[in-house]
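Asker: As a plain string of letters, each chain reads:
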Amino acid sequence: MNLKLLRLFGGRDTSAPVARERLQILLAHERGLLGQPDLLATLREEILAVVSRHVTLDPEKVIVRLERGKTVSTLEVDIEVPNDFEKSKAASQRRMAG
Amino acid sequence: MAKVLVVTSGKGGVGKTTTTAALGAALAQSGQSVVVVDFDVGLRNLDLVMGAERRVVFDLINVVQGVAKLPQALIRDKRLENLWLLPASQTRDKDALTDDGVGRVIAELSARFDWILCDSPAGIERGATLAMRYADEAVIVTNPEVSSVRDSDRIIGMLDSKTVRAEKGERVKKHILITRYDPARAARGEMLTIDDILEILATPLLGIIPESQDVLKASNVGSPVTLNNADSAPARAYVDAARRLMGEELAMVVPVERKGFMNRLLGRRAA
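Residue numbers (this note's numbering), protein chains in the order written: chain A, 1 to 98; chain B, 99 to 369.
Calculated directly from the structure, the hints in this document are not laboratory data. Quick caveat, the model's predicted, so the values are computed rather than measured. Glycine included, every Cβ here is placed at the ideal spot set by N, Cα and C. Among the hints, erroneous ones may be present.
To be verified - Just a few of them, taken from the derived set where beta-carbon distance is under 7 Å, the chain A residues facing chain B:
#1 T14
#2 A16
#3 L23
#4 A28
#5 R53
#6 L57
Unchecked claim - Cβ-to-Cβ under 7 Å is the rule here; a few derived chain B residues that face chain A:
#7 I222
#8 E223
#9 V244
#10 V247
#11 D251
#12 M289
#13 I298
#14 P302
Chain A with its partners taken away, still in its complex shape (with noise of 0.2 Å):
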């Protein structure tokens, strides 16, 4: 605590705040690489574009969970179709046709 006040009286040459921005930026990319939380961003958004290709979702109710088992994970999507399925469904088709 004292050390961020004695930065802040400290002036103006201060090169360590560009350090911890700069690795903010590279170890959020390289984790979703590695890791998970940009791959479950991206499920996400893919999968919402495909269903509602066919569909109209409410982007909001689209969910995806990666749970990590001991020998395998699982992947769970849960979709919400709304109950006018069928009239947007004839709705899609009618603007595919036309």
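Given the coordinates of chain A, assemble chain B onto it according to the supplied hints.
Answerer: Only chain B this time, still in chain A's reference frame:
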């Protein structure tokens, strides 16, 4: 059953071997039986930092391959009777280490000691992955510098996925140890602060080892810094870190060199 602790970092030159020797000696001084194991096959240095380089006869590879029995390869420290070293081989390469072989050695050590400290080589190759493979806990040695923090992040990912514990759905308890820290430079905004590093790595802090000439002095004479000059700032920081490993809760302070100030710090810590 021993606690298996890997000292790792990804990046080289950040102080893994210094840390292994210092923590090992500090744990042993508090009465625990400790073995420090050098996994840096081909580039061993823990023997040198511990001052046991002329007493190495057999090594980890010999034991893994059944050429020597474990008691033949273990070297007892000359200063602390409950501190032991299992050196790495200097002539072989890391491919001589096998997962099964390392597992057998760790299991055998586990019956004899309270703590097994595995000194990992730099990098993310076989030596480093096998050093962390059987770990219960990990000390990730990090310098306040961008490349070190990035590599630590990578190693944290490996600890969460490539260890036996991770594969069983359990977790390796991880600790960040910041070494070569200069509070004055951090205060001037020239060095990443402790808060910066912890926020980026999202891992709890074990200790802060200040930049100090005492570290080099200790390795020059082949003595863990905690034994060579117990009053020095890095020694006190390592002793605190070792006490935290044993479950004590201590206020996190960066020890400084000046003597008068030291008493104040000690007073505050006792409270």
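Asker: Does each hint fit the structure? Answer for all of them.
Answerer: Hints versus structure:
Interface restraint check: T14/A against chain B, minimum CB-CB distance 3 Å, threshold 7 Å, status holds. For A16/A, the interface hint holds, since its Cβ comes within 7 Å of a Cβ in chain B; the closest pair sits about 5 Å apart. For the restraint placing L23/A at the interface with chain B, the shortest Cβ-Cβ distance is roughly 6 Å, inside the 7 Å limit, so the hint holds. Given the 7 Å rule on beta carbons, the hint for A28/A is violated: about 10 Å separates it from the nearest Cβ of chain B.
Interface hint status for R53/A: violated, as the beta-carbon distance to the closest one in chain B is roughly 35 Å, over 7 Å. The closest approach between the C-beta of L57/A and any C-beta of chain B is roughly 33 Å, which is over the 7 Å cut-off, so the hint fails. A cut of 7 Å between beta carbons decides the hint on I222/B: the least distance to chain A is about 11 Å, and the hint is violated. With its C-beta approaching chain A no nearer than about 16 Å, E223/B sits outside the 7 Å limit, and its interface hint is violated.
Nearest Cβ of chain A to the Cβ of V244/B: about 5 Å, under the 7 Å cut. The hint holds. Checking V247/B against chain A by beta carbon gives a least distance of about 6 Å; that is within 7 Å, so the hint holds. For the restraint placing D251/B at the interface with chain A, the shortest Cβ-Cβ distance is roughly 5 Å, inside the 7 Å limit, so the hint holds. The criterion of a C-beta within 7 Å of any C-beta in chain A is met by M289/B, whose closest approach is roughly 6 Å, and the hint holds.
A distance limit of 7 Å between C-beta atoms decides the matter here; for I298/B the minimum to chain A is near 6 Å, and the interface restraint holds. Hint status for P302/B relative to chain A: violated, with the closest Cβ pair at about 18 Å, above 7 Å.
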